[in-house]
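S.K.: Residues 1 to 329 in UniProt numbering are what the sequence shown spells out, letter by letter.
A portion of the hints provided could be inaccurate.
[As the list claims (entries may be wrong)] The calculated lysine-lysine pairs, modelled on DSS-like cross-linking and capped at a C-alpha distance of 25 Å, are: (1) K260 - K107; (2) K119 - K92; (3) K107 - K153.
It is worth saying that the hints were derived from the structure and are not from the lab.
Here the structure is a predicted model, which means the values were calculated and not measured.
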Amino acid sequence: MTWFASPKKLREAGVLGMNRRNVECILRYNKRSLYPLVDNKLKTKQAAIDAGVAVPELVGVIEHQFQIAQLLTTLGDRNQFVIKPVQGSGGKGILVIVNRDGDNFIKPSGQRVDVAYVKRHISNILSGLFSLGGRPDYAMIEALINFDESMAKYSYEGVPDVRVIIYRGYPVMAMIRCATHSSDGKANLHQGAVGVGLNLADGRAICAVQNGSLIDRHPDTHEVFTELQVPHWRDILMLASGAHEMTGLGYLGADIVLDKIHGPLILELNARPGLSIQVANQCGLLNRLHAIDDAILQQQRTIEERVSWSQREFAVTQHPVLQADSSPV
1 MTWFASPKKL REAGVLGMNR RNVECILRYN KRSLYPLVDN KLKTKQAAID
51 AGVAVPELVG VIEHQFQIAQ LLTTLGDRNQ FVIKPVQGSG GKGILVIVNR
101 DGDNFIKPSG QRVDVAYVKR HISNILSGLF SLGGRPDYAM IEALINFDES
151 MAKYSYEGVP DVRVIIYRGY PVMAMIRCAT HSSDGKANLH QGAVGVGLNL
201 ADGRAICAVQ NGSLIDRHPD THEVFTELQV PHWRDILMLA SGAHEMTGLG
251 YLGADIVLDK IHGPLILELN ARPGLSIQVA NQCGLLNRLH AIDDAILQQQ
301 RTIEERVSWS QREFAVTQHP VLQADSSPV
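Generate coordinates for the entire structure from the input sequences, incorporating the hints supplied.
M.R.: In structure tokens:
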């Protein structure tokens, strides 16, 4: 059966649709008053720091147009950094700089941009060009992640990140999002990144998808995904599961990056995580959500116990679909 099947067949396969996600997951388990904690990246970062959770280093925050003139002072001699809208979504408005050459800044693609370009980008962020609802925004500057070298061959011109869906404190499903040339070095599926479904048991690849089509290797590095296994896997699941206590949200997506020095870091949290993770895993979310509901009725568990339960109950014993000619579900 394909993902373009009838609604009845999709329901039988346990595929969670947007309307059902909104009503049964987001509206039921995410209090509206808690949204600012994850919609605002600065508040997310502070909440993580208060909870003792590791996050990427914050270089600076630009709140007003007149502060843009001090950009070079804020950066100092830093050659690598990321500029983000504080209230952005979907990867929009993120500018990644991997090096500097005099007065020029170099993007992951190798494109050179001048100081005026970077300042103009920040000005657009402050004007609300990339924010939710077009509201005036702040720009935050973070240190660029030096990602784990074991993952370098699976990403191109950018840092891969792991998205874990958490439901009522339990890991439900995970994927790693690998940057490509077409995604401009950003790990965002809507911009052309590759999503690779991951086995919750061990972090091994299950299936890979780009722009809705199954693939078996990275389009730029040509590295096959069959041997992909994310290191520090249990630590990642523990970090993601703990976001439930940190935010109070019952349904969320945790985006985690692997720094080669600091290990897993929480990059962002999302109160309305997308549903394409089901395609990357060739598996619906619905049956897993119901299993967690039943498990919670039987016993309350610690973070460690919840992670162990999910790894055991949602383990994938066969990986038959990591082939370019496979048909979805």
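S.K.: Now, for every hint given, state plainly whether the structure supports it.
M.R.: These are the hints, each one checked on the structure:
With a C-alpha separation of about 21 Å, the suggested pairing of K260 with K107 holds against the 25 Å cut-off. Restraint check: the Cα-Cα separation between K119 and K92 comes to about 17 Å, which is no more than 25 Å; the hinted pair holds. A C-alpha spacing of about 19 Å is found between K107 and K153, which places the hinted pair at or below 25 Å, so the restraint holds.
Checked against the numbered hints listed earlier, the structure breaks none of them; every hint is satisfied.
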